[in-house]
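Line by line, the protein sequences are chains A and B.
Everything in the first sequence is counted per numbering that gives the first Met the number 0, starting at 0 for the first residue and increasing by one.
Everything in the second sequence is counted per numbering that gives the first Met the number 0, starting at 0 for the first residue and increasing by one.
It should be emphasised that the hints constitute simulated quantities derived from the structure, not laboratory data.
These numbers come from a predicted model, not from an experiment.
No false leads were slipped in.
Across the chosen pairs, the derived CB separations fall in these ranges:
id, chain 1, residue 1, chain 2, residue 2, range
1, A, N97, B, G179, 54 to 60 Å
2, A, K70, B, V402, 18 to 24 Å
3, A, R96, B, Y100, 17 to 23 Å
Listed below are the simulated EDC-like cross-link pairs for lysine to aspartate or glutamate, each with C-alpha atoms no more than 16 Å apart in a straight line:
id, chain 1, residue 1, chain 2, residue 2
4, B, K69, B, D95
5, B, K386, A, D24
6, A, K44, B, D416
7, B, K209, B, E250
8, B, K216, B, D280
9, B, K69, B, D107
Residues from chain A shown here face chain B by an in silico Cβ test under 10 Å; the list is partial:
id, residue
10, R26
11, R33
12, A37
13, E38
14, T73
15, K80
The C-beta atom is built at its ideal place from N, Cα and C for all residues, glycine as well.
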Amino acid sequence: MKRICYVSAALLASALNTMAYAEIDARAIAFNCRNCHAESSLDAKSSIPSLKSLSAQQIQQALLDFKYDKKPATLMPRLAKAYSDAELAAVAKFLSRN
Amino acid sequence: MAGLSRRRFLQGIAGLGAGVLSGCGGVPLRSGGKAHVVVVGGGFGGATAAKYLRLLDANIQVTLIEPKAKYITCPGSNWLFAGLANLDQLTVDYQDLQDRYGVKLLVDRISSLDAAQRQLRLAGGQSVTYDRLIMSPGIDFRWDAMAGYDQAAAEQFPHAWQAGPQTLLLARQLQAMPDGGVVLIAVPADPYRCPPGPYERASMMAYWLKQHKPRSKILILDAKRSFSKQALFEAGWTKHYGYGTTNSLIEWLSLADNPLLQLDKQNRVLTSEFGDRFRGDVLNIIPPQTAAQIALQHGLADATGWCPVRPLTGQSLFDEFIHVIGDAAHYAPIPKSAFAANSEAKACALAVTSLINQTAIAEAHWLNTCYSLIAPDHGISVAGVYKLDAANAIAPVKGAGGVSARTDAQVAATEADYTRAVYRSLIADTFG
Ligand SMILES: Cc1cc2nc3c(=O)[nH]c(=O)nc-3n(C[C@H](O)[C@H](O)[C@H](O)COP(=O)(O)OP(=O)(O)OC[C@H]3O[C@@H](n4cnc5c(N)ncnc54)[C@H](O)[C@@H]3O)c2cc1C
Chain A
0 MKRICYVSAA
10 LLASALNTMA
20 YAEIDARAIA
30 FNCRNCHAES
40 SLDAKSSIPS
50 LKSLSAQQIQ
60 QALLDFKYDK
70 KPATLMPRLA
80 KAYSDAELAA
90 VAKFLSRN
Chain B
0 MAGLSRRRFL
10 QGIAGLGAGV
20 LSGCGGVPLR
30 SGGKAHVVVV
40 GGGFGGATAA
50 KYLRLLDANI
60 QVTLIEPKAK
70 YITCPGSNWL
80 FAGLANLDQL
90 TVDYQDLQDR
100 YGVKLLVDRI
110 SSLDAAQRQL
120 RLAGGQSVTY
130 DRLIMSPGID
140 FRWDAMAGYD
150 QAAAEQFPHA
160 WQAGPQTLLL
170 ARQLQAMPDG
180 GVVLIAVPAD
190 PYRCPPGPYE
200 RASMMAYWLK
210 QHKPRSKILI
220 LDAKRSFSKQ
230 ALFEAGWTKH
240 YGYGTTNSLI
250 EWLSLADNPL
260 LQLDKQNRVL
270 TSEFGDRFRG
280 DVLNIIPPQT
290 AAQIALQHGL
300 ADATGWCPVR
310 PLTGQSLFDE
320 FIHVIGDAAH
330 YAPIPKSAFA
340 ANSEAKACAL
350 AVTSLINQTA
360 IAEAHWLNTC
370 YSLIAPDHGI
380 SVAGVYKLDA
390 ANAIAPVKGA
400 GGVSARTDAQ
410 VAATEADYTR
420 AVYRSLIADT
430 FG
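The following block holds chain A by itself, in its conformation from the complex (with noise of 0.2 Å):
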């Protein structure tokens, strides 16, 4: 039993792996943005702005210009470059609603 779960669970992560994850999960990217923009209100006086209340527009337009070094930052810039401008749009879109 052992043996055949650690072979299936080698050719998912291969087949996952080669299949280029057809499909984003936005939720394994957007669920870190949540350390440094808290979700939460009680931090009202916080310089990082939380995320709730910008629309998913926004959120995508500042992600590009930060990858794209249109809008000058001291983190965002460093972590925006790391994914692909789909990744991005669907790290917005459920940011905006979650």
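Given chain A's structure and the hints, the job is docking chain B with the ligand onto it.
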């Protein structure tokens, strides 16, 4: 590829071999009805995993087991030395996890683990069974690394590498030291918890000494040749603490080829392999580390002392029903930080819900961001974004991440502000 529908994608995966998805996930649930996931350790990894499991799938029962009813964060603990925080401000509890997310909390310690039966025994005598176990038990210390430095000696020469009484002890020793005294900070080789932590600590101590005991010196005795954010730290030390001059409050010495071997408690002297002797008034000895005892005891670690995992799911290489995350696990090149533990926990929670619900496991994404304060108005940062590479190993995404690009006063002040804001957000995201 973008045009592939989710359904076809899933079919594609399933078509790779009967039971690819159900091979592991199809194991009958121990609890019969709802799946039961037990999380061990209520630090940054464990608390995040427990919360996000419940957020992702309210049908999963989640039990968090942690011996301390309140948790004191290591992040922020260096600020104590500069008088910028106290332990109360760094203390959190598990009330929100219980009330808002329906996590069941057991304030107890795991004493043993029967992996074959998928059963844990708690120090209080209770037994708990699980369908999947997520372990985030943190670190332990290697007490055999330096002759004379053991658990008892740490009561006199604190490591302060687990926040709490050790942090207070070290802060009091710093305050009691005479002006003109010497602080020794002994730093281990990689990997260890919080790579920039020792240098942030030196900075915060220097900030306090500059005001109260300006003739003093901090000597960092490093087992490494270089360190995290080195150029940024050194520029900050030059700006604030006279680094590089004879009056510098901070000196850094690499002992990469000449390791510290012995502590002479009586004379407060550390001796190196070549016989160099370093005498200090305050000795902060940070020993080399391993995964926590509970992980070692149950064979979840390898010869390195850390727990190897399949990165996509966090499953232990030694037991498919046990996932290990946070400092205890081997996620290199992701560093051992609270931010990383939180990120690993989210990827793991996503994978665990997929395994339980027999759905495809999403691509994993990890993030680490680490801010350090050099002075109250001078912050610096390093960031890393990580994904699986073609060989299914964790790798930093090329062209992303890196350290603060600019170091002018305005950016330094903004990053100091972000240091505090990110601390509060990370706490809210993990425990709130
Ligand atoms: C001085 C210092 C400063 C730091 N600053 C930062 C920072 O600014 N930013 C950052 O991101 N990181 C920072 N870190 C690193 C951070 O503290 C760790 O990386 C993080 O705590 C790791 O989380 P974890 O869940 O793996 O372990 P921990 O947070 O240590 O949690 C482990 C938990 O498991 C419990 N446990 C252990 N054994 C058992 C058992 N048998 N049964 C039940 N429970 C058990 C423990 O009680 C503990 O609460 C710092 C560390 C230090 C030392």
